[in-house]
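Enquirer: Put together the whole structure using the sequences plus the hints.
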Amino acid sequence: MSAQLIIPPIPALDEERSALLARLTSGLDVAALNWISGYAAGLAARGVPALATLPVATPAVTALRVTVLYGSQTGNAKREAERLHESLCGEAGEVRLVRADAYPMRELAEERVLFIVISTQGEGEPPDDARGFVEFVCGRRAPKLDRLQFAVLGLGDASYPQFNAIGRRLDARLEALGARRLFAHGDADVDVASVAAPWIGRACEHVRALKPASSPVIVADDVATGTALVRWHKEQPYLAELLVNQRISARDSTQEVRHLEIDLADSGLTYVPGDALGIRPRNAAVVVDRVIARLGLSGHESVRIGDEIRSLQDWLGGHRELTRLHRGFVQQHAQRAKAPLLDAMLANDDAMAFNSWLHARQIDDVLNEFPGEWSAGEFVAALRPLLPRLYSIASSRKAVGDEAHLTVAVLDNAGPFGAHRGVASGFLADVEVGASLPIFIESNDRFRLPLDAARDVIMIGPGTGVAPFRGFVQERTAIGASGRNWLIFGARHQRSQFLYQLEWQAALKAGQLQRLDLAFSRDSAEPVYVQQRLIEQGRDVYAWLEAGAHLYVCGATAMGRSVHAALRDIVIEHGGRDAEAADEYLSELQRSGCYARDVY
Amino acid sequence: MNEVLSPVETLKRGSRGLRGTLRESLGDAITGGLRESDTQLLKFHGSYQQDDRDLRDERRRQKLEPAYSFMIRTRLPGGVATPAQWLALDALAARYGNGGLRLTTRQAFQIHGILKHDLKPTIAAINQTLIDTIAACGDVNRNVMVSANPVESRAHAEVQACAQALSEHLLPQSRAYHEIWLDEQAVIGADASEPVYGPTYLPRKFKIGFAITPINDVDVFSQDLGFIAIIEQGELVGFNLLVGGGMGVTHGDARTYPRLADELGFIRKDQLITVATAVLTTQRDHGNRSDRKLSRLKYTIDRLGLDVFKRALEALVGESLPPPRAYRFDHTGDRFGWVEGFDGRWHYTLRIESGRVRDTDTVRLLSGLRAIARVHRGDFRLTPNQNVIVANVDANERALIDVLLDDHGLAHALHGAAIRRFALACVALPTCGLAMAEAERYLPTILDRMDALLSRYGLHDEPIVFRISGCPNGCSRPYLAEIALVGKAPGRYNLMLGADFQGRRLNRLHRENIDEAAILTELDVLFARFASDREAGEHFGDFVVRVGIVRAPQFIVAKLSV
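Chains A and B, in that order, give the protein sequences. Under the numbering used here, the letters of the first sequence match residues 80 to 679, in that order. Under the numbering used here, the letters of the second sequence match residues 661 to 1222, in that order.
Any given hint might turn out to be false.
Using C-beta positions, here's what the derived DEER-type ranges look like [as the list claims (entries may be wrong)]: (1) B:781 <-> A:414: 53 to 63 Å; (2) B:788 <-> A:513: 52 to 62 Å; (3) B:718 <-> A:660: 43 to 53 Å; (4) B:787 <-> A:478: 22 to 32 Å.
Here are the computed lysine to aspartate or glutamate pairs in the EDC-like style, where the Cα-Cα straight-line distance is at most 20 Å [said to hold, decoys possible]: (5) B:865 <-> A:340; (6) A:588 <-> B:725; (7) B:723 <-> A:582; (8) B:780 <-> A:340; (9) B:723 <-> B:712; (10) B:723 <-> A:482; (11) B:1148 <-> B:1175; (12) B:723 <-> A:340; (13) A:588 <-> B:684; (14) B:1148 <-> B:913; (15) B:723 <-> A:605.
Just so you know, the hints here were simulated from the structure itself, not pulled from any lab data. Since we're looking at a predicted model, the values are computed, not measured. In this text, a Cβ means the ideal position worked out from N, Cα and C, and glycines have one as well.
Expert: So this is what it looks like as structure tokens:
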């Protein structure tokens, strides 16, 4: 009899997983096979596979166990964690990849090697999926960690004052708890890879050095996500046809909001409601031309960065940020411009003032205000890569077929330097129907409808934050979900900015939406926002939550904070809890996936 | 009547004194409109739900409902307003409305473009100025019209007072208006019954006008109930009573027609309220409540027979009516510019095309009248021709008004063809739900083109009554114009010809459903003939009848024998 195990077709495993299983078990000895059998039984015993984590039991085979833990808001930290995980799998005995909110805190004391990849949001806040982890590690209940070795990679945006605050905080805290830092905290800016790649390399070197001889390699897949593999991704976007590009804010709205329908046919791209669609935008030709003209260059200059050679025009059009200004560029430009005002600005310690200065300007404005000489090559090198932009998908495939719909607010800030259009939203606003859009799907496992369709959902989505909820209601209607749908929407004006008004009216009439509460801030003498509506309906909100409703918030960060505060007040008032217990109540909702946020 | 009641009748009966679910409708942020039933009831409160028809398709594609907004119409008997009221309405129009103030063909103010959430504050604020909007629309007595020019005699003020009293007497008694708009506390069971109207009000709108000779500016023959003031030796002695006028027609429905009021006889001024109430309650009890196209008093009278109607009326009044007294009308227009009154005070009538008080680059009506209202110590009179009179000015304050008129480009408002001064247009597109074609927005264009034709034949200074209406409903009283265009479809009109200059004869259909080119071709030929063949002093309307271009239409004198 051959040693090769023939795996019969198992209904629960698809072809890909069957192949993985065959590869995994091929050539293992009895002890290892027994261990795998026990491991799988352990998983099964833990119940719901989607929430499963690795077993607590120490494997029978002594192996170097490495944990890669990530907290991610937009998916960047997750991606880098996956890269690290993949790289380490060739090095360590057992490497597990765990999303922070799926990490069992009591295992922290037993960890030996821990790599943390975590982003920082807004004004120094952790990503939603890592709130609990950061609280635990920084709190009084954190254990002594003197057997732990660790390293932290922080991801953030250097244009914010609290750049990478969470990564640094964890880095310092772990050391304070007695752990040994393997190597220095990595500070990744929006150009993530330039810092993350070397950091991952160092991590691998350290693990290689720690690795005991001849331990079996055991790979545990990321159990917290179920994303299907797709051919198209950020670096290799699919060129999708744009089917509809329709303004949906009325002509008297100062804000332009557009509804886009994108053809996914034959792309193999799939998504579920809650996912985002990534767009690789191009800078507007007028902006590129203006910058080139200011530099006194032609645009045809050939510029080489790394292995890539492109014309200046091409670099600026599709590969470099021209709309978001950052400190690094200003510093380099100051050396060329020799403008006292610019130097004073940089020397000023007032981070807020500097940030508002940055926000009011784009690259072109600085070149105009403070002329300075650049060569094409140096200029491109000083700019940051043009990043893809993510938009929550506003449709369900069950309703729209092989399409993805987007709700895009066209950022158009009329500042002292003229109209500044958002690079991606401006790009999308101008794309004509029939043209191709470079897109990819970014899954968002943190923002999912309840598996149990009988659960109620409360959706809070003012402005374009309503986008995923259009998909949610479509999905719930298509599957005949018995749970109730409650939408809370807000905008400035009812008449001009009630996004998808006719659809919501029809959904109410058809019983696809049970409740719709609205807050139009500029239609009354006193502004009214969604959080006020929430508080007015506090008794019902609490009753729904108590009955197992899932609550979702999508939209601007500040709104997300206000809504969170309102929810806390509601839990205090209607749940009879004190402030601390209310916080715990909401944290528990977040941990259990009943309270999810997609704020930006 | 044993026919099925129209849905509006059921709605009125079930409305709990015109309350309906207006409060709920107003509070519903999911739509900028009202529930269907409440849109009907709202009219009784002086407001119409409308939408910008220019934007309908655009907004549908934007996944937005129609751009609903509301028109508010004041109740303003005789069109008399104080400067303080003018300023207050002007400010409200600026704050809540769009495009300034409008003066209607029934001497009321209209503010357009009010959003639902601003409706209550606007109506409340209008009431603060001691003007209300009760029954400005709906199946009730509408704004009572009175000849606007207070020039001739002391009796004008007395007629105005009579009209005011009649308007008050015919107000609905329900407290719904005060509860919904003015936050009056509802008293359970205390709601007054409607002694005049009853629970279902009237079958249809009801219009009253008072004419003071020699100017028939109120088009007294177009009113459901008309009064011609009889003034002897400067004293008001009574009125000639007219019943059954009305303009509204439905295209393609031969059962409908415009009708001139019949003169029933003379009444003493002390009989006014009794007689008016008797006419109104007769219509209340006998009007058609199953087909709203046939509900107006004119059809009730024709169905019952004028004699029967008159006898029924006399029975209610308790005495028979003596024959009407003699009178004379010169025209239906306004006397523009300064006119000195009997008491040495001065009145300036300002032309306002289509009643639109707004600022353009050269003619700043809104700012100008605002400036005048700030210094004016008399009052304002809205005329039935959509113009305004700056009335009761001291002789030594005329210069001040002149300066303000000049400063705002208003001193030359009367320049241009004479036809411009008499023209009336209803609002029509984009806000009126009934409009089939443009009216107000098209008026300046068609006037320019007609003026060019008239000038070709030396008729630039010839006064001709021209009216345009976006639909056959007839808010601009088109069937009493020498030349009228009644909208059929976008860019297409029925060309009506042959009414007289005094508002006593209806016009007739001359060409049906024609476009501008065809209209101008027709008029070119007619103006040429008129210029060469007219008799001395002959008006255009009389000319086209005399030479047989249109058949002799209904003439009021023929009815006097009844």
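Enquirer: Let me make sure I understand: some of the numbered hints might not hold for this structure. Which ones are they, in numerical order?
Expert: As far as the earlier hints go, 4, 5, 8 and 15 are violated by this structure, in ascending order.
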